[in-house]
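Please model the entire structure based on the sequences and the hints provided.
The opening position of the sequence shown corresponds to residue 1 in UniProt numbering, with each subsequent residue numbered one higher.
Rather than coming from a laboratory, the hints here were simulated on the basis of the structure. Yeah, the Cβ is synthetic: ideal placement off N, Cα and C, and Gly gets one too. All the given hints hold, so there is nothing to weed out.
List time: in silico DSS-like cross-link candidates among lysine-lysine, alpha-carbon distance up to 25 Å:
id, residue 1, residue 2
1, K313, K344
2, K313, K388
3, K344, K276
Computed spacing ranges between beta-carbons, pair by pair:
id, residue 1, residue 2, range
4, A340, V453, 38 to 48 Å
5, E274, P216, 54 to 64 Å
6, S342, S366, 43 to 53 Å
7, L481, P268, 44 to 54 Å
8, R461, P264, 46 to 56 Å
9, L200, S366, 39 to 49 Å
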Amino acid sequence: MPAAAALAAPAACSSGRLAWRQGLRPAALPALLRPLAPARHPRGPCSRNGQRVAAALWDQQPAAAAERAEAPVPLAAADPPAAEAAQLVAAEVVQDAAAEQHERWMPASWLSGWKGMGSMLLSLGAVTGGGLLGSGFDLKGPESVLQAVGVLGLTVGIHELGHFLAAVTRGIHVTKFSIGFGPTLLKWQGKEVEYSLRLLPLGGFVAFPDDDPESPYPADDPNLLRNRPIGDRTAVITAGVLANMVLAFAICVTQASTVGIPEPIYRPGVRLGEIKAATVAAQAGLQQGDVLLRVGDLEVAPSPASVQDVVAKIRDNPGRELQLTVQRAGEQLVFPITPAPSPKDGTGRIGIQLASNAEILRKTGSNPVDTVVLATQEYAKLTGTVLKGLYQFITNFSETVENVSGPVAILAVGAEVARSNAAGLYQFAALVNINLAIVNILPLPALDGGYLVFIALEALRGGKRLDEGVERAVQAGGFLLLMTAGVSLIVKDTLNLTGLGSMLQ
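Below, the structure written as structure tokens:
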């Protein structure tokens, strides 16, 4: 995703400095010289005289800094031009020091890199985790883990490459292009762009020089992203999402022409997965691998919706005894079970995981047209799966939030898929790309869709942008929410992976 400040207006101090060089006194520009310091201090590193006071002074000597910022700078009457020149030099020294401090405090590339990580954490976990995770995490086997990491790295890389290519092909200035975040593994300095590969493949960023204090470009450069027309900015923002969708379709085409598209052949019943300890199902004697044929008066038909039908039947009967008919080793057994009411919403629970009772066949295209048709059908099915999962996440948040998973869980899922069936990596990769694209386009702050909302509002206002402070505050709030969610998911996944979760309960 582009740097968080990519669409913001020019920095106030830069405007003040430019006006000074053109012969205007900064005192005549109060609207341009708004405070930009951290919110903990009432004033900012831009004084009303156009001087930039180093952020370190605010932290260490706030009173002295405030006094220095408020005090007028006298001009020598004997030689006004020389005095003003000296004053300009002194002001720029302070400005440069503050710019350096500001870059250390929150550089645009740092923010965008972590934003990329945050959106990745949220978008990958929100829908994919609940649908793919089975009975737990297992990261055994370095080869399968590397394959899963490769899928995530490719997903992020294509997303950021979309932003990057959309910008450079339009002549928009770009300073950095990074895949991953954290320590730099490889770095290459091009003519204008620094390319880097970083340690952790769960994020990435394209950095624009719009608000870089060391930028060699003037604030009014027409090739800065913020100075481009609405159409150009929209193209750059949406390019990442489009890149992921195109890659997902390409994966489906490759799958249809090589290993084949999975086609389930459904049989009666649903298979029982993990049986949680000390639950109704465990106490009744149900076992993993049993095939559930009937729940009360519901006969489980061979259908893609069989799992949902069984879940609905159990949820709708809390505290009521149900006769469960299962098939085990060729024999049919009947177990009376009374679903326990959930403490959250009162719906019935018995403590089992379910899976369709189906045999998976794989179909490949017999010719290029047939291959594209198969790929399109698979692409539409996966997109529908993601949209359905997202809808359930939004409309039934209290229950589905427990199934939200982060990057550790997604890596575990990918590793398990690669270990059990390498062909399944195609479907996993396509699903992850579609997932990332759809969630990233949602109108949430700090995601691609959030930036598009600001662009749309600008268009509705006849090209007039919202107040810079409002936009920054909204995007910063979204960024913090993303990072909070991301860190929480990492902690949760790690506890589940290591078994510490049960120890802490």
